[in-house]
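Given these sequences and hints, build the entire structure.
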Amino acid sequence: MDFALLLEKSILILILTAITLGIATYLTYGERKVAAFLQDRIGPNRAGIFGILQPIADAGKMFFKEELIPKNAEKWLFILGPGLAMITACITSAVIPWGSHLELFGRTIQLQVADVDIGILYIMGIVSVGVYGIMIGGWASNNKYSLYGAIRASSQMISYELGMGLALIAVIMMSGSLSLREIVEQQSGWGGMQWNIIYQPLGFIIFFTCALAECNRAPFDLPECETELIGGYHTEYSSMKLGFYLFAEYINMFISSAVMTCVYFGGYNFPGMHLIDSQNLLATLQIVAIFLKISFFIFAFMWIRWTLPRFRYDQLMHLGWKTMIPLAIVNMLLTGGGMLLFGN
Amino acid sequence: MLLTILGLPPAFLLLSFITILCALYVVTNTNPVYSVLALILAFFSISAHYVLLNAQFLAVVNLIVYAGAIMVLFLFVLMLLNLNKESEPIVKMGWHIGAAVTAGLLLVTLAAALHKSSEQIMRNPAEDIGLVKNLGKVLFTDYLVPFELSGILFLAAMVGAVLLGKKQTNSKENNNYSETSSQ
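Residue numbers (our numbering), protein chains in the order written: chain A, 1 to 344; chain B, 1 to 183.
No wet-lab data here; the hints were simulated from the structure. Be careful, since some hints might not be right.
Stated by the list, open to error - Within a straight-line C-alpha distance of at most 20 Å, the following computed EDC-like cross-link-like pairs (lysine to aspartate or glutamate) qualify:
no., chain 1, residue 1, chain 2, residue 2
1, A, 61, A, 31
2, B, 133, A, 185
3, B, 133, A, 117
4, B, 133, B, 148
5, B, 133, A, 115
6, A, 9, A, 103
7, A, 144, A, 74
8, B, 137, B, 148
9, B, 133, A, 182
10, A, 144, A, 226
11, B, 137, A, 117
12, B, 166, A, 314
13, A, 33, A, 58
14, A, 9, A, 117
15, A, 144, A, 228
16, A, 9, A, 115
Now the structure itself:
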């Protein structure tokens with residue numbers, strides 16, 4: 001193997017992991033500030049200026065708290081649970097294209113860890129194994145509330161994966177490719193504004209709803225519904241293990257926002273991108289563009305959490321199976337019909 | 001070196017080692033949840049084998065279907081049953097022997113069937129037949145009939161599952177019950 005390529009990819013992975021973790025840390029701060037904004041409060045403002053050091057204080061607290069493992073818990077699985085949640089959250093970012101490419105030291109550096117031709121399927125695959133962290137942790141705790149949380153999480157994730165996959169099929173039909181980079185490149189027309197959302201508004205709504213459910217975010221946060229299940233699957237967790245579960249949720253939010261951006265909102269394309277000559281400047285601006293779009297979606301996630309009340313579990317299942325899946329199938333048929341009529 | 005004698009790539013050897021270790025753990029461990037977890041790991045390493053053969057599509061579909069859906073269902077059922085040492089049924093020795101002989105015979109048959117072809121595939125993997133574009137073309141031209149037939153089979157299975165799920169709501173009493181519970 002080419003050593004330079006190996007080095008390049010390693011550095012990219014390191015930077016990406018650092019950014020992901022950093023963003024997840026600051027999302028906890030962002031969430032509180034957004035909550036405060038929506039509820040007309042001030043929010044955290046004690047640690048550092050504007051409370052900017054709050055996440056660091058929180059992380060410090062998490063690390064130094066006493067770590068408890070219940071006596072009757074399956075010890076190894078109890079430890080494995082949060083680790084799995086974290087790993088599955090982190091590895092999704094491998095196929096997301098963050099920009100076109102940089103030209104440094106006479107080399108062309110792709111701003112994507114792995115440009116595999118099945119990028120979207122890879123994401124679906126990781127999403128489908130993402131439930132194990134919660135399931136194993138909830139079961140190993142040996143607590144009925146944890147088990148309920150774990151069971152709710154797994155059935156919810158299996159149900160909403162279907163709607164998500166069906167919504168994606170419509171996009172795949174249009175693009176004729178499973179590679180995320182190719183899907184993003186195809187949206188660069190009309191001066192960088194030919195985004196899939198124009199053709200797939202219904203598909204986007206379905207995907208967004210399913211993404212909320214897959215991330216266990218409100219209004220679908222039934223697995224940790226505190227009014228019924230104390231803390232759901234992480235009832236028995238303390239210290240940094242709990243921190244990992246919370247962290248994994250924020251990473252999932254970040255990644256699903258990135259996927260939505262790539263699939264429906266043009267990824268790193270932005271209006272006026274064809275006017276820029278310098279490739280390095282273009283790539284930098286593309287990274288800025290994709291991160292701005294991602295930030296907007298993360299804000300939308302938080303906005304929804306602090307606006308909508310939680311669903312009941314049967315309502316959740318009803319919405320998933322009887323609304324989202326039929327709608328996604330209709331969307332698929334409409335897309336197929338449209339392609340036939342307008343000869344895409 | 002052993003590796004050069006075998007003439008196999010080290011990545012393949014390592015992955016095979018992991019796969020076989022996991023598979024052995026699945027059958028030797030008495031705790032079903034650990035067994036399922038080992039089986040998931042085995043599926044992951046089998047997917048890695050597919051990647052080595054440049055069959056990315058198959059690798060990911062293997063993950064989605066087996067590791068992502070079927071194993072979640074297995075784990076789901078095991079967690080609800082909460083099997084442990086006390087509730088483990090006592091099985092007669094004859095069953096153990098019978099199971100071992102059957103599994104052994106299956107192994108011999110499979111090994112005999114795959115002996116020639118697997119070696120051939122491993123040594124010269126067809127470069128990009130596993131890539132989704134080529135696979136799709138082959139499926140929709142050469143293997144169209146089997147492909148469509150398996151689609152019908154899936155549809156039939158789906159309808160069957162829905163029917164089984166609805167069976168209880170035939171009588172009136174159950175119907176009322178299910179209505180109240182699904183509101």
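Results for each hint:
As the CA atoms of residue 61 of chain A and residue 31 of chain A are separated by approximately 18 Å, the hinted pair is consistent with the 20 Å bound. Pair hint residue 133 of chain B plus residue 185 of chain A holds up; C-alpha atoms about 18 Å apart against a cutoff of 20 Å. Under the criterion of a C-alpha separation no larger than 20 Å, the hint pairing residue 133 of chain B with residue 117 of chain A is consistent with the structure, at around 9 Å. Of the pairs offered as hints, the one joining residue 133 of chain B and residue 148 of chain B holds, with about 18 Å between alpha carbons and a cut-off of 20 Å not exceeded.
Annotation: proposed proximity of residue 133 of chain B to residue 115 of chain A holds, straight-line Cα distance about 15 Å (limit 20 Å). The hinted pair formed by residue 9 of chain A and residue 103 of chain A meets the criterion: a straight-line CA distance of about 15 Å does not exceed 20 Å. Annotation: proposed proximity of residue 144 of chain A to residue 74 of chain A holds, straight-line Cα distance about 14 Å (limit 20 Å). A hinted pair counts as satisfied when its Cα atoms are at most 20 Å apart, and residue 137 of chain B with residue 148 of chain B qualifies at roughly 14 Å.
Between the alpha carbons of residue 133 of chain B and residue 182 of chain A the distance comes to roughly 14 Å, so the proposed pair stays at or under 20 Å and holds. Taken as a hint, the residue 144 of chain A and residue 226 of chain A pair is honoured in the structure, with Cα atoms around 14 Å apart against an allowance of 20 Å. At roughly 15 Å between alpha-carbon atoms, residue 137 of chain B and residue 117 of chain A fall within 20 Å of each other, so this suggested pair holds. In summary, the hint linking residue 166 of chain B to residue 314 of chain A is supported, as the alpha carbons are separated by about 17 Å, within the 20 Å threshold.
As the CA atoms of residue 33 of chain A and residue 58 of chain A are separated by approximately 15 Å, the hinted pair is consistent with the 20 Å bound. Among the hinted pairs, residue 9 of chain A with residue 117 of chain A is consistent with the structure: their alpha-carbon atoms are about 18 Å apart, no more than 20 Å. Between residue 144 of chain A and residue 228 of chain A, the direct Cα distance comes to roughly 12 Å. Compliance with the 20 Å bound is thereby established for this hinted pair. With a C-alpha separation of about 12 Å, the suggested pairing of residue 9 of chain A with residue 115 of chain A holds against the 20 Å cut-off.
Going through the hint list in order, the structure satisfies each hint without exception.
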